[in-house]
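*Asks:* As a plain string of letters, each chain reads:
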Amino acid sequence: MAATEEFEAFVQARYAALARTAVLLTGTRHTAEDLLQEALIRTFVSWSRVRDGGAADAYVRTVMVRLLLKDRRRRWSGEIPHADLPETIGPTTDLDAAESVREALRRLPVDQRAAIVLRFYVDLTEAQIADTIGCPPGTVKSRISRGLAALRSSGLLAADTFTTGASS
Amino acid sequence: MTDLETLLDVAVSGEEFPPPGPELYAAASRRRRRRLVQRVAGGVAAVAVVGGGTMVVASSTGVGLFGSHSGAVAAASGSSGASGFSTTAVTALADAPACVREDLARVNWLVRTRHTYAVVVVDIPDAPKVLMTQGLTSGYGWAQARVHAVLADLPGLTPAGTFKLWEGVSPEFNPPPGRYLMLLFLDNSPKVPGGIYGDPIWGFAATPVFPVSGDRMTVTCAGGTRVTLPWADAATTWLGPDAPASAPDTTVPPGAASTVSPT
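If you read the protein sequences in the order shown, they are chains R and D.
Anchor point for the first sequence: position 161 equals 161 in my numbering, and the numbering is continuous, going up by one each time.
Anchor point for the second sequence: position 243 equals 243 in my numbering, and the numbering is continuous, going up by one each time.
Same shape as in the complex, but just chain D (with noise of 0.2 Å):
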């Protein structure tokens, strides 16, 4: 041991520090709570998702931040008509109902005030999630994501190719395989000393999950409105600084935003 190594040990050796109460357990929740309502932050009303063109009925979590129920996720099942809607195909987003617009108005809101999201549309593989590790950080996502095309791109934040996508907050928010429209972001941790980084990992707004199927995108409003739209043109149509942009209801659980985060 070096007489340094002696010396930083004589300088905290003699203090005790009793661990915190149960106000640090407290504020850990309430952060948690918030980056998971931060996480669902599109919360863009009833966005269910459609696999392999079938419907699903979303359960409301009490999450999103969005007036409606929020779009949480449920395994496609079989055939279509699940959720009793029915579907309305339009060819310009001016003949959508006002829910539509309003919807796509919220997600531009999203991508133009917070700067974290890269709106993309991604291929979710027909293969089982993967334990994926990054650093400290460790869980289940897809491996072989795909980036099928980018319509906002966030410089040097944007998938390209074949990407790692980390599995939504929770279960429900998993979409079944299938193309989506999704907001993504580059998901940063403090990595393991001596540790690699590997190749980044991204992950998803749980809301807005737009499903896709050839050159349209299904948008599924709170009431049940559900219509199909051409999704290549989002960055003329709705999805600009010229568009619309509403922000959302900011509805949160009790205690998740009562506090500021010391960024």
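Excised from the complex, chain R in its bound form (with noise of 0.2 Å):
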């Protein structure tokens, strides 16, 4: 199969579960679909070296990942300066809980928030969420200390509801 025709598969097969990880990651759906189309091209750039489907899987989301922290000021970012998170979100419908999700990723800085994302959704571990990002694991564990921490001021969380679960 041809290098085209690997990655149009590989798009058709995994865009949705990448765009749903790129949402928790920018807050809004267009953005995120803006940051994930930004990493699938990158991706095709060096589709030649991206070894397999798994593979792919990752490159992508560490491109997400990567360009999200390195343009913070852009828009897919979606990051709000914010002095003090809201005391509480009170979701009632689905719908209201899904977007009381995203608004309260959306007010955690976005170091925090992909270090979030990455241990709770992904199901990484601290130690892929260093290689991911970039950065030393005692960073990944203080920013995903200091996000949870806010997610339980918003009170989207339980003060008492869990751990960080495995470290590495």
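Hints were generated in silico from the structure; no laboratory data involved.
Check the hints yourself; a few may be wrong.
What the hints assert, rightly or not - Stretch-level coverage of chain D by chain R, calculated; a stretch enters the list once three of its residues show a Cβ under 8 Å from a Cβ in chain R:
| # | segment |
| --- | --- |
| 1 | 6-17 |
| 2 | 23-33 |
| 3 | 137-151 |
In this text, all values refer to a predicted model and were calculated from it rather than measured experimentally.
Even glycine gets a Cβ: it sits at the ideal position worked out from N, Cα and C.
Since each chain sits alone in its own frame, please combine them into the complex, following the hints.
*Replies:* Listed below in structure tokens is the structure:
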């Protein structure tokens, strides 16, 4: 199969899953798709060296996260400067719940948001997150910790809900 | 599953994300082509490769940035005279034909303006290329390329001693074993989660690739004019801020530069 066909097949198969990760990383759908499509284009540039489907997934995700962190002022970072987190977010319907979660994520600093999404949605270990982001594992741990604290403060999470789980 | 994992699933579970249309693939193809052009960037006119002192005629790829045929590389063949070109040895750049000076000025322009290339005299080993991996990327290259001399250093981005070198953007750009003056760039790629970067791997601009023999390098113009001249004094003759630098003719494939990368 030619490289272009392989790439198209990969996009067809994995676009939705990657888009969901992108939505959590950016907080909004349209910026998420911008980010994802830029990451896919960059992935295609290196397609001959992206080894297989599993690696391609990780490659796209890594590009997305690094773009997000590198270009924080771009629209896809979705970061909203905010001194204080809202008191409580009280979901009443599924739609409300989804938007509440996204809103809470949007209010996190982008580095904390990325660490939270990679840890609790993509299910990477802290060591894997460190590799993806390109920072020391200790930094990941502290970003997750601060992000969780902020989510608890927002009322999205109960104060004693969980720990950060497996670390590496 | 923690509460947060559930919440994150809920936050994105209700939406459909249909894959993008052909515009994405078209944009990706344009970007890849533009990247190819960048990697071929030197495009210095008619740089053919001499393997073991033998000139090999390069075929045109049509992607060079310069007006003349770009320096695609073919495998070296045996005896001299394969190209039919004669060689003139000069001791000073001022004595070289104008086309050679122009080609070197274009190389100088690339190095001075792009800030991504180290100019290095490299030994390509007489060993099979090997599959190399760096994080998520893998491809063939030389694991034991060796720095013979550095003519223009990029601090932190220039290899030293033995280093890994990706092969050319396509096989015809692979030089046969030998010593060459090349423009090297550190090829950064995202790495696999949990993986290890390992040794850095460099890439090379497919042109210019000036064959080096002893203290001389060979530059071949588009029209076939071929000159050997000393390379060790490059930094004081043609490679430096005070040396002539001229932008290449940016002839690129259709569509290759129709958009601007949002870097």
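*Asks:* For each hint, tell me whether it holds in the structure or not.
*Replies:* Now for the hints, and whether the structure bears them out:
Using a Cβ-Cβ cut-off of 8 Å, 11 residues of the segment 6-17 of chain D lie near chain R, which meets the minimum of three, so the contact claim holds. With 7 residues having a Cβ less than 8 Å from any Cβ of chain R, the segment 23-33 of chain D passes the three-residue criterion, so the hint holds. Here the segment 137-151 of chain D counts 3 residues with a CB under 8 Å from a CB of chain R, which clears the bar of 3, and the coverage holds.
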